Amino acid sequence: MTKKPKSSWNGFSLKPRKEMPAGLWIRCPGCEQMFYKTAVEQNLNVCPKCSYHFRIDAVTRIKYLADEGSFQQILSDLTTNDPLDFKFRETTYKQRVKADEKKSGATEAILVGKAFIKGRGVVLAVMEPNFLMGSMGAVVGEKFCAAADKAIEEKMPLVAICCSGGARMHEGVVSLGQMAKTSAAVAMLDKAGGLFISVLTDPTTGGVTASFAMLGDCLIAEPKALIGFAGPRTIAETIKVELPEGFQTAEFMLEHGFIDMIVHRKDLRSEIARIIDYCQK
Amino acid sequence: MAENNNNIGSGNYLGFEDKVAEFDRQADELRRLSSAKGIDYSAEIRRLQQQQVAELKQLYSNLTAWQTVQVARHPQRPLLPDYLGLMVKEFCELHGDRCFGDDRAIVTGFGQIGRERVLIVGQNKGRTTKEKIACNFGCPNPEGYRKAIAKMKFAEKFKIPIVTLIDTPGAYPGVGAEERGQAQAIAFNLMEMSRLTVPIICIVIGEGGSGGALGIGVGDKLAMLEFAYYSVISPEGCAAILWRDGSQAPDAAEALKLTSRDLLRLQLVDEVIPEPLGGAHRSIHDTVYNVEKYIVKTLAALKRIKIDKLLEARYEKLRSIGASPASILRSKTQPAQERIKTAIEAIPRKPTHISAEV
Ligand SMILES: [Zn+2]
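Line order of the protein sequences matches chains W and Y.
Reading the first sequence from the start, the letters are residues 17 to 297 in this note's numbering.
Reading the second sequence from the start, the letters are residues 847 to 1204 in this note's numbering.
Treat the hints with caution; some may be incorrect.
As the list claims (entries may be wrong) - Residues from chain Y shown here face chain W by an in silico Cβ test under 8 Å; the list is partial:
#1 L932
#2 G1020
#3 L1104
#4 L1109
#5 Q1113
#6 L1164
As the list claims (entries may be wrong) - Listed below are the simulated DMTMM-like cross-link pairs for lysine to aspartate or glutamate, each with C-alpha atoms no more than 20 Å apart in a straight line:
#7 W:K130 <-> Y:E1184
#8 W:K171 <-> W:D293
#9 W:K103 <-> Y:E1082
#10 W:K103 <-> Y:D1091
#11 Y:K935 <-> Y:D1132
To be verified - Covered by chain W, according to a simulated footprint, are these stretches of chain Y (three or more residues, beta-carbon under 8 Å):
#12 1030-1038
#13 1043-1049
#14 1055-1063
#15 1068-1082
#16 1139-1147
#17 1184-1190
In case anyone wonders, no lab produced these hints; they're calculated from the structure.
What you are looking at is a predicted structure, and each value in this text was computed from that prediction instead of being measured.
From the three backbone atoms N, C-alpha and C, an ideal C-beta is built for every residue, glycine too.
Let the sequences and hints guide you as you build the complete structure.
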């Protein structure tokens, strides 16, 4: 690996990392074609040819979703206290967190705050796939609940962008408990008459799907997003049968009646705005 | 409990119980000799039994996490039907989720515990092979969770408290389960159980496997049997992912802090219900009696609390998991925060046209 020259800009890159090898060209996992990176980026990180929706980090998501410069973060200073003092192999959870902080530039797997979407005030909770696979530990749970509280307090809709590998096992039952905790917070928002729009993006699995992600008044998914409870590999290992084509995709969820709609990334802003307008009291 | 079958070592020893088994073997040998040769070895046998009790005490007061998991999975461990038979009077089973089917991995019904009428919701793993298959080894499908919440709402309507007995390796990971919305079913239960207007007591009696356990595990009190375990993922699953080797499950079990002792210390469970010497499987009666005693005591306490206060406390309890107050999660990672702030501020404020077509 050659070292890149240091730029004067000391923020972190807005470019997603996972599916993007260094260089000017990237391969689309959907159609296997090579594209000029900027072309994909200018297209909201959607493949110009096959509409494959690339995974994007939380900041990029906010950039695409919120009105420019409108996002005001809350609880930016929460980080895990490693409740179990979790050690595995030759490493520790703390080290893993540090490594992912460095790699992703994020401090946790969710960003929450107030924002505007097409001029409509919302509370946004956006998950970060590049930080421990967007898994939910105590910080994610706490920040999501704070977002729900804020939505009640300010009488604003809550919009969650879900993207997660599930509960964060490094936090054991503490992370399992976040499922109950976030669901209870949604119950409070529901009781207060607040609108909760949950957007399921690739991937939304495990403990996040089985808690707040599926509890939206309105459930939206991005095309072809992996959405499910158990991971496909776990299922394949358990039942020892090949999984059906398109299993656990957004389209599968729509067909089986578990989401309201599938929305292309370019239409997400307007679709969310439209639902907010319909739910105006 | 009046009756206590002192048959401590009745076969089915766990891998770490070699010494316990050896005492039994020696005692059996002496019994055989005494009947064959007519010599009285009863003093020696009594001495062996005393040594065995001492050994069990020593062993079970220092179980490792992985040994605890094995005890929780012991084939003779009391299962839901044992509790229904010994602890619940006039059990009246209620079937079906009114949508799809009747999941046998979750049993629901009215019954009496002590002098209280309650709704029992419990997971059943099955004892015989036939039973195991019928109830899917205790791995519920979505219809199980939907049945559970439907009956809980029935109970709520008539102010009947709810007792849930948790014993599952996890919610079933199958094609049908996904098609019928396993995640949605569990999520819905979590939300609804957080606000049901009747007291809810949850007890992990064996395996508390992840979301599958939590799906009937939200309430005012969460208790665990001493050698039950409760975990976000099975030790095998965790080892396969983090250790990249499923055989490292003992290490994973240790790291996950899944024993009742650890979870009590972490304030994630409210109470640990003691098991008889050498684990629940060595005396089903004593185990069920201890659980019954806990339920009667706790129900009496919960019934004294006004329902709005109870719901407030339940919500506070849930909100405090892992972060009470939020300030305990605050730390000094200033540089990282700065990075995020810079990145968010770097989002352009002037309109930039992003074309959909390229
Ligand atoms: Zn493509």
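(request) Output the numbers, in ascending order, of every earlier hint that fails for this structure. (result) Numbers 1, 5, 13 and 16 - these are the hints that the structure violates, sorted from lowest upward.
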